[in-house]
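Visitor: Let's have the full structure, built from the sequences with the hints guiding it.
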Amino acid sequence: DNTDIVNVAFQTEPAVKIKIEVDKDPPLNFNTENKLLLLPYSFMTRCVNIPGLFAGKIHAFLYRTWRNRVKGRDWYDLEWFVRNGHTLDFNHLKARALQNGYTGTEEFSPELTIQLLKDRIRKTSITRVVDDVKPFLKETKDLDIWSADYFLQIVDMIKFS
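If you number the sequence shown the way my numbering does, the last residue is 146 and the count never jumps.
Just so you know, not all the hints are guaranteed correct.
To be verified - Cβ-Cβ distance ranges computed for the label pairs, FRET-style:
id	residue 1	residue 2	range
1	Y26	L83	36 to 46 angstroms
2	I99	P(-1)	35 to 45 angstroms
3	S27	T125	28 to 38 angstroms
4	G70	E124	20 to 30 angstroms
5	P95	I130	18 to 28 angstroms
6	V1	R31	20 to 30 angstroms
I should point out that these hints are in silico values taken from the structure, not numbers from a laboratory. No experiment lies behind these values; they were computed from the predicted model shown. Backbone N, C-alpha and C define an ideal beta-carbon position, used for all residues, glycine too.
Guide: Structure, rendered in structure tokens:
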């Protein structure tokens, strides 16, 4: 396992706890960008660009191991990236998959990625996905459309870069 988990707590009312997972051995095939943040004070930070974040999310969607649990946030984020028209950095996804996850014999390609995503969708209980993400949303009626068919169509809308 190449992930450290750090728990951060702040003294506020009510208490705020943040869990941070840090990949200690990420594949180096990713792009970054500089971002200006203004709060709590002005500073520049360098971060992975959105196509790289999308690649990381798809890697988690395909290879996250939670035994019989599902992570609704992965499904929510998949929908968010596609809805907002973001492209997926395929080279970064491939580097991640080959480093940790993909064990198949077929060449890892965008077409195979779509096939693997669809296989995952077909094998997952969407009811469990909805139940997992529901507590984090103010407006849960947005989940009424969620179904296997809905996510199969979402996956067909993924654009690779």
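Visitor: Now, for every hint given, state plainly whether the structure supports it.
Guide: Tested hints:
1. One distance hint, 36 to 46 angstroms for the beta-carbon pair Y26 and L83, holds here, with the actual separation near 40 angstroms.
2. Between I99 and P(-1), the C-beta spacing of about 43 angstroms keeps the proposed range 35 to 45 angstroms intact.
3. Judged by the Cβ atoms, the range 28 to 38 angstroms given for S27 and T125 holds: they are separated by roughly 37 angstroms.
4. Distance hint check: the CB atoms of G70 and E124 are about 22 angstroms apart, consistent with the given range 20 to 30 angstroms.
5. At roughly 26 angstroms, the beta-carbon separation of P95 and I130 lies within the given 18 to 28 angstroms, and the hint holds.
6. The hinted window of 20 to 30 angstroms between V1 and R31 holds, with their beta carbons roughly 25 angstroms apart.
The structure shown violates none of the earlier numbered hints.
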